[in-house]
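**Q** Below are the chains, spelled out letter by letter.
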Amino acid sequence: MSPGASPLEIDGLSVSFRTPEGLVPAVRDVSLRVAEGQRVGVVGESGSGKSTLLLAVMGLLDHGVVIEGGSILYRGRDLRSSSAEELRRLQGSEIVMVFQDPLTSLHPLHTVGWQIEEAITCHRDVGKAEARRIAVSALRDVGLPEAARRARQYPHELSGGMRQRVMIAMALALRPSLILADEPTTALDVTVQAQVLDLLEDVRSEIGAAVVLVTHDLAVIAQRTDRTVVMYAGSIVEESSTARIFRRPRHPYTAALMESLVRHDVRPVGELPFIPGAPPAFPPPEACSFAPRCRYAEELCWTVAPPLRIVDSDHRSACHLAESFDGEGVRTK
Amino acid sequence: MLWFLLRRVVFGALVLFAVSVLTFLMYFKLPAGDPARMITRKPTESREYQLARERLGLDDPILVQYARFARGMIPLPGLFLDEDVYFSYQSNIAVKDELLLRAPYTIALGVGGVVLTLLITVPLGVAAGLRPRSRTDSTAGAFVLASISIPPFWLGGLLLFVFWFKLGIAPSSGIPASESAWEAVLAGRFILPWITTVVALGAIYVQLLRSEVSEVMGSDYVRTARAKGVPRRRIVVRHVVRGSLSSVVTVLAYDVATVVAGAVVIETVFNIPGIGRYAVEAVTASDLPVVMGTTVVFAVAIVVTGIVLDVAYLYLDPRVRYGEGSI
Amino acid sequence: MSDVSITIKRGEAFALVGETGCGKTTLARCVVGSIRPSEGSVTILGRRVGTRRKELQKVWRDVQMVFQDPHSSLNPKRSILSILETSLRTRGVPRGRIRDEATTLLQRVGLDPAHLDRFPHEFSGGQRQRIGIARALAMEPQLLVCDEPVSALDVSIQSQILNLLKSLQRELGLSYLIITHDLAVVRHTADRVAVMYLGRIVEEASTDEIFASPRHPYTKALLDAVPVPDPAVPPWKRTVLGETPSASEWQHGCAFRSRCPRADELCERQLPLLAPMGADRSAACHHPEDLPEDLPPSDGSFP
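Residue numbers (the working numbering), protein chains in the order written: chain A, 1 to 333; chain B, 1 to 327; chain C, 1 to 303.
Honestly, the hints are just simulated from the structure, not real lab data.
Mixed in with the good hints, there may be bad ones.
[Said to hold, decoys possible] Computed list of chain C residues with no C-beta within reach of chain A, every gap over 10 Å:
(1) Lys9
(2) Glu12
(3) Ile35
(4) Ser41
(5) Gly50
(6) Arg53
(7) Lys54
(8) Ser72
(9) Gly92
(10) Met139
(11) Arg187
(12) Val228
(13) Pro229
(14) Pro231
(15) Gly253
(16) His287
[Claimed, not checked] Simulated DEER-style distance windows between Cβ atoms:
(17) C:Ser79 <-> A:Leu300: 36 to 42 Å
(18) B:Ser149 <-> A:Phe17: 52 to 58 Å
(19) A:Thr104 <-> B:Ala146: 53 to 59 Å
[Said to hold, decoys possible] Not the full set, but computed from the structure, chain C residues with beta-carbon under 8 Å of chain A:
(20) His121
(21) Ser124
(22) Asp154
(23) Val155
(24) Ser156
(25) Asn163
(26) Ala184
(27) Ala221
(28) Leu222
(29) Val226
(30) Val233
(31) Glu243
In this text the structure is predicted, and so the values were computed from the model without any measurement.
Cβ atoms here follow ideal geometry from the backbone N, Cα and C, with glycine treated the same way.
In isolation and in its complexed conformation, chain A is listed as follows:
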């Protein structure tokens, strides 16, 4: 493992679900690089494979889910070929995950403090008293009032926002270098969402960790990430810096997604644009998976799957028509 190497490098990763009908792909040939301290947003709808991607990196895939190919490198170390014990040592201390629903993600029968202490003692050789001190301090760092008292409470005694703060405290107590967040604020009220995202950002920047933030919420991506990765039907369809993608998307799906976004700060004019149809359950390998819903689809799109390629400086897109595609939804050709 080389500390200087990037915190996360995924190359050609494919993950499939084992079903009675055979293997169903959930993540198809995904390659992605996260630099030191970078904030990467992965956006997609249900079935895009974004959550499965995170779980694969974390080594938390269920029994019926298999990695079919590709590599996952953490600072140069191949996670797929690491032993279970090596992986366990990284999990919770250097690579951490924050989940969506803090109520079900915390053990209902143990106090919140106990759960944070556990994360600490599993990785550091400290006594109970010291672990408790670190845990309470972590709770204080996430802005939980009366941290010592709260540590002795059970998850159901705390509000949703407090629980998510606990999850963050637990994840960041050991100062990890890679944070994987799966829809961390989706289950929260909007005023709490903003506070929690602020918190995540504050703590993250303090320890200099990289974040991979998975969400379906484009607005969160826009305001809280440096790079954006757009996933559709298991593959990456577009990737670039957040500013560039939002200024000028190079994939019809990204553009359509932005167009169909229901916004509160925009005066409604007539009907809202939308994307007809739904994401495919079994995308055919020999065509663009978005073709059935794409208003620009040409014959090529139906016969050849577009590869993810560089279409502009620091901008990749998996669309045959990317070069001529103008993000406003109008073709420049």
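Mind docking chains B and C on chain A? Use the hints.
**A** Then chains B and C, alone, in the frame of chain A:
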């Protein structure tokens, strides 16, 4: 907390009252033997018979007769199961004394049986839950099926036949009158009965643990534990089993109560002089005081178990303590 | 929930906005009759909503509910036709005409009538929500109560459903009571909005007015907190901190004062009541935002 206990105790007393009234009325409704006849064994015209009738108050109104028994239910020394009322019509021995005599055998059978059951079923159930669709899981499934299907009396008889009659390694059924419960245990007289108990009780523990463990392993909080890098063994013990405890304890509590009431069938097959047999034999002989006495003891055991269980929940599941806990 | 009064006009889409625990779901359930209010009443088309079965059956001709979760609100064992049939028969449609009516309903919500004999699991989330709407429409109600109609749906599908709701409102002259926490949904579907906090209405106005010039600090905070899909806009200005206190923690004065940057001694002492903030709008605050100088304090007195 005190309020909580008080409410439970009051409710328990009501249950006891209801049970005793029902039992008493049933006795009166069923074609029962004539108690005076049973005791004196003299014809109805004889003087002894008349005396007995008077002494027993058999011509008093129902309420008065019930009241006599009710007095014996008050848990104060001197009153509880008093000898004047609670004595066997058949043998004339006080119920209290007989119970005390028989209790050790039932306890030996019950405690040993339950402990052995837990020792076998808990690891089996947990292991099966951790490895669904494996051989361990199939073994557990087979055990559950066997446990549900095999009648204890048949199994007991079979075990005796094989291990005592044919192979001669196990001691015979029955316990010599001179042997105390402890001596009987040491003599190995309880081994076959315990094995039978495991098969009789075990199914639910295995099945419960198997399904709960398997479900909990897939839960979000176990996923979090794995993401924290918690070693697997610790996850199983501190997260998974801990979560399944309250269901197991619930079943366990009532099994204990049942076993205290006497595993009648097993006691009969292995000829163990326990409380269960005592109660059943009394019913067939219409021996009312024994029936009432043993019913009271059983009811008290179950009520107490229920209260202990409620208290245990407060520790096992913190979600119960607040709000719905109604302490 | 305390002291809540709203009026929905015919053909109007009224949104009830708030976060967890504000009481909006409770209100919705009172409107359809599944909860009996401790005080006050719900009147629909002049008829009071009681909780006795016979009264409710009349009410359900006029009010129907569209549920949040399209996955659990449809009986998986029944075909779409069968699901619609129940409502149609309750309305009194004779057996022979059921299929025709069901066909019309599906068409109206944008689904292919050939799917009538299929089962819910064969449809996507968005399609199931359309079926839910069709079912509600089967009773030919005047008022549709929509509880978070799109929050369980993918982003690209949400706009489809919202478009559908709007067009149905036009075509059928429906009134809506839309319960949501999502301000974007409000902006696109509602004519009027009421903002709720800890069981009370803190502001009520037309949609345009609320978004252009919110008067209550909580409304403003809500608007500020919603993220905007534009990298150039910095995230959320910290106008409010902390979380909604539980109902038992708040004893007197304004419920929002623990989190309000403008709270003072008056706010602690006296509960602000809804006071007019302009023509046909009101807010319950002693120190409303952007307020013209000459408005009296919120003591509930209307001129």
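**Q** Look at each hint and say if it fits the structure.
**A** Now for the hints, and whether the structure bears them out:
For Lys9 of chain C, the condition that its CB be more than 10 Å from all CB atoms of chain A holds, with the nearest at approximately 20 Å. Look at Glu12 of chain C: its CB is around 16 Å from the nearest CB on chain A, clear of 10 Å, so calling it non-interface holds up. No Cβ of chain A approaches the Cβ of Ile35 of chain C within 10 Å, the least distance being about 23 Å, so the stated non-interface status holds. For Ser41 of chain C, the requirement that its beta carbon stay farther than 10 Å from each beta carbon of chain A is met, with the minimum near 30 Å.
The Cβ of Gly50 of chain C lies farther than 10 Å from every Cβ of chain A, with a closest approach of about 34 Å, so its non-interface assignment holds. The claim that Arg53 of chain C is not at the interface with chain A holds, since no C-beta of that chain comes within 10 Å of its own (minimum 36 Å). The claim that Lys54 of chain C lies off the interface holds: its Cβ sits roughly 39 Å from the closest Cβ of chain A, which is beyond the 10 Å cut-off. Every Cβ of chain A is farther than 10 Å from the Cβ of Ser72 of chain C; the closest lies at roughly 16 Å, confirming the non-interface assignment.
Its beta-carbon lying about 34 Å from the closest one in chain A, Gly92 of chain C satisfies the requirement of being farther than 10 Å from that chain. Chain A leaves Met139 of chain C outside its interface by the beta-carbon criterion, the shortest separation being 26 Å against a cut-off of 10 Å. Against the 10 Å criterion, Arg187 of chain C falls within the reach of chain A, whose nearest CB is about 5 Å from its own CB. A Cβ of chain A approaches the Cβ of Val228 of chain C within 10 Å, the least distance being about 6 Å, so the stated non-interface status is violated.
With a least CB separation of 4 Å from chain A, Pro229 of chain C falls inside the 10 Å interface cut-off, contrary to its annotation. Listed as outside the interface, Pro231 of chain C is inconsistent with that label: its C-beta sits roughly 5 Å from the nearest C-beta of chain A, within the 10 Å cut-off. For Gly253 of chain C, the requirement that its beta carbon stay farther than 10 Å from each beta carbon of chain A is met, with the minimum near 20 Å. Under the 10 Å C-beta cut-off, the non-interface status given to His287 of chain C relative to chain A holds; the minimum distance is some 19 Å.
Against the hinted window of 36 to 42 Å, the Cβ-Cβ separation of Ser79 of chain C and Leu300 of chain A comes to about 41 Å, which satisfies the hint. Separation of Ser149 of chain B from Phe17 of chain A is about 37 Å and departs from the stated range, judged on CB atoms against 52 to 58 Å. Take Thr104 of chain A and Ala146 of chain B: their Cβ atoms lie about 36 Å apart, and the range 53 to 59 Å is violated. Annotation: interface hint on His121 of chain C violated; nearest CB of chain A at approximately 12 Å, more than 8 Å.
A least Cβ separation of about 5 Å between Ser124 of chain C and chain A falls short of the 8 Å threshold, and the interface hint therefore holds. Below 8 Å, beta-carbon pairs count as interface contacts, and Asp154 of chain C has one with chain A at about 4 Å; its hint therefore holds. With a least beta-carbon distance of about 6 Å to chain A, the hint placing Val155 of chain C at the interface is held under the 8 Å criterion. About 4 Å separates the beta-carbon of Ser156 of chain C from the nearest beta-carbon of chain A, less than 8 Å, and the hint is met.
A hinted interface residue such as Asn163 of chain C counts as satisfied when its beta carbon comes closer than 8 Å to some beta carbon of chain A; here the least separation is about 5 Å, so the hint holds. Annotation: Ala184 of chain C was flagged as interfacial toward chain A, and the flag holds, the nearest CB pair being 4 Å apart, inside 8 Å. The beta carbon of Ala221 of chain C comes within 6 Å of a beta carbon in chain A, closer than 8 Å, and the hint placing it at the interface holds. A cut of 8 Å between beta carbons decides the hint on Leu222 of chain C: the least distance to chain A is about 6 Å, and the hint holds.
Because the beta carbon of Val226 of chain C sits about 5 Å from the nearest beta carbon in chain A, less than 8 Å, this interface hint is met. Evaluation of the Val233 of chain C hint against chain A yields a held restraint, the C-beta minimum of about 7 Å falling below 8 Å. Taking 8 Å as the C-beta cut-off, the interface hint given for Glu243 of chain C holds, the closest approach to chain A being about 5 Å.
The structure does not agree with the numbered hints 11, 12, 13, 14, 18, 19, 20 stated previously, though it agrees with the rest.
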